[in-house]
Structures are given as C-alpha cells and as structure tokens.
Amino acid sequence: MKNLLREKIMNGEKTVGTFFEAGNASVAEALALTDLDYMLIDTEHGPFDVESVMLMLRGAELHGTTALVRVKDSNRNSILKMLDIGAGGLIIPQVHSLEEIKKIVEYGKYFPVGQRGVAFARGAGYGYLEHAKGDINDYFATCNRETLLIPQCETKGCLENIEEIAKVDGIDGIFVGPYDLSVAMGIPTQFDKPEFKAALERILKAVKDAGKFTIIYCADFNVANTRLKQGFDSVTVGQDVNFYIDAINEMVHSIEK
1 MKNLLREKIM
11 NGEKTVGTFF
21 EAGNASVAEA
31 LALTDLDYML
41 IDTEHGPFDV
51 ESVMLMLRGA
61 ELHGTTALVR
71 VKDSNRNSIL
81 KMLDIGAGGL
91 IIPQVHSLEE
101 IKKIVEYGKY
111 FPVGQRGVAF
121 ARGAGYGYLE
131 HAKGDINDYF
141 ATCNRETLLI
151 PQCETKGCLE
161 NIEEIAKVDG
171 IDGIFVGPYD
181 LSVAMGIPTQ
191 FDKPEFKAAL
201 ERILKAVKDA
211 GKFTIIYCAD
221 FNVANTRLKQ
231 GFDSVTVGQD
241 VNFYIDAINE
251 MVHSIEK
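Just so we're aligned: the sequence shown equals residues 1 to 257 in UniProt numbering.
Derived from the structure by calculation, the hints contain no laboratory data.
Mixed in with the good hints there might be a few duds.
Stated by the list, open to error - No farther apart than 30 Å at their CA atoms in a straight line, the calculated lysine-lysine pairs in the BS3-like style are these:
id, residue 1, residue 2
1, K208, K197
2, K193, K212
3, K208, K229
4, K197, K133
5, K208, K133
6, K103, K133
7, K205, K193
8, K103, K156
9, K197, K212
Said to hold, decoys possible - Computed Cβ-Cβ distance ranges for the label pairs, DEER-style:
id, residue 1, residue 2, range
10, A141, V252, 49 to 57 Å
11, D209, E130, 30 to 38 Å
12, E201, G12, 29 to 37 Å
13, Y126, K257, 50 to 58 Å
14, Y126, H253, 27 to 35 Å
15, N242, A141, 50 to 58 Å
16, I248, A198, 38 to 46 Å
17, N222, V50, 20 to 28 Å
18, E13, P188, 29 to 37 Å
The beta carbon of each residue, even a glycine, is placed where N, CA and C say it ideally should be.
Go ahead and model the full structure; you've got the sequences and the hints to work with.
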C-alpha cells in the first residue's frame, strides 16, 4: 500500500494538489488522469458521505493518484471510517490543543503508536491485500507509515502550541488553513500583515524542526509559487469547481460570436 504522495515528499519533491468539492467517482477518475500529485476530498465543507467518498477513492486509485480526505471533525468515527475505506491520509480541521492531537493519533494510528480499531475493511482489501496477509505487527507498521495524519493549523490554540504539536509521534505533517487562521488571529484574509507572515514562519520552523512536512492551501497558482519558494513542501491549489467554471468561461470568451 505504498503512498505515492508520501514517497514524493520524503524524496524532497514539491507536490501539488487540489480540493475536490463537487462531482462523483467519474470526476475523481478524470482528476487522476491529470498531473496532480493528489486530490483532497473535502467532507468538512463538501456534500460527501462515507459511501460516496469510497467511490471517489476507487476512481483516484485507477490511475495511481493519492487521495486524501479532509474529515468533518476529529471524532473517532470520522477518522476511523475514512481510513477503513482506504484514504491515503486525513486532513483534520479545527484542532485547538495538544490533547486533541494525541486523540487523533490514538484514533488514526495502530498499536504501538495509537489504538486504531482493527478491521480488515476496504483499505486492507478485506484482508486479501499482500500487506494485510502476514504478521499483524508488520501490517500495523505498514499502515502507520503509509497512512498520513495531517492536522490543520488554523486556530489560535494550534498556532500557540505548534512546536509541541509538530513533535507528536504519529503526526506526519501540518496543513495550514490560511483563511481560518487569519480569522482566528483577528485579521481576516490580511495575509500581508507582519503578524500573519510571522505565524507562517513559526509554523514552517516548528514543523521542519520536528522532521515533518507542511502543506498550505493557496487560492491560485501565483500564491502557490510564493508559498513553495517560502519553504512549504506542498500546495493545495483552489478547488475543482473553480477550475471547471474558469475553463468553461475561458472557452466561451475565446469564441468569436
């Protein structure tokens, strides 16, 4: 169950993904045919349930694109279900404390790192995939290594505790949500404010010092280029629906009527 996104990041490659907010398994399959490194299926703001996400994961897997899922919250069931159906990793929103982070690891990583519930569900090929057939401890180790747990830093609590949060065993990386983070800091979307820039630098340093990776949401490719140069390992750019609208408008306005 090799996670290609993890492999690229560990090899020092910069990666690019986008949010999946609309569509179905066919759209996921189409996105997997692009040069994206990953897609991020959004169950926090998007309209998706567990079964529809499972179908989208299948679509992504057809062409080898890693599919991450942003869960709706940090509850055990939200984390467990998405891992059981085969998500390559989870983005966990609205984390406020070190205690919440430890719970996320407890729910999302197998023994001895956490206490994830054992079930040979779809993510394990119902027990028939090669990595699920052997010694249970080897299976646990493979899943813990290849399945990514990535909390979002978008609250004051997370920012204030980012050094300790980044060090937690079982946390693979940090996803920065700049919009909610700026709101939490009392400066909505004022990304050029010195205090916001300082917050990003603090996050980058804390995560790098912990030997983990960073992802940040970017509204467009210009912002994405800036963030990669700033030191982020990965950028999640825009969302699928915006690309559909922009591409169709560009086509319509390019036609001489």
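Item to check | Restraint status (C-alpha distance of K197 to K133 at most 30 Å) | outcome: 48 Å, violated
Checklist entry - I248 and A198, beta-carbon distance inside 38 to 46 Å? => result The hinted range 38 to 46 Å holds for I248 and A198, with Cβ atoms some 40 Å apart.
Checklist entry - Hey, K208 versus K133, does the alpha-carbon distance stay inside 30 Å? => result Distance of about 35 Å is beyond 30 Å: violated.
Checklist entry - Lying within 29 to 37 Å: is that true of the beta-carbon distance E13 to P188? => result 33 Å, holds
Checklist entry - Cβ-Cβ distance between Y126 and K257: within 50 to 58 Å? => result Holds, at about 55 Å.
Checklist entry - At the C-beta level, are N222 and V50 separated by a distance inside 20 to 28 Å? => result Since N222 and V50 have Cβ atoms about 36 Å apart, the given range 20 to 28 Å is violated.
Next on the checklist: Just to be sure I understand the hint, the distance between the Cβ atoms of Y126 and H253 should be within 27 to 35 Å; is that true here?
Outcome noted: 49 Å, violated
Checklist entry - Does the hinted range 50 to 58 Å hold for N242 and A141 at CB? => result This hint is violated: roughly 39 Å between Cβ atoms.
Checklist entry - Taking only the CA atoms, is the gap from K208 to K197 under or equal to 30 Å? => result 17 Å, holds
Item to check | D209 versus E130 beta-carbon gap, inside 30 to 38 Å or not | outcome: 36 Å, holds
Next on the checklist: Next pair to validate is K197 with K212; report whether the Cα-Cα distance is within 30 Å.
Outcome noted: 20 Å, holds
Item to check | Proposed proximity, K133 with K103 (alpha carbon, max 30 Å) | outcome: Holds, at roughly 28 Å.
When the structure is compared with the earlier hints, violations turn up for hints 4, 5, 12, 14, 15, 17 and for no others.
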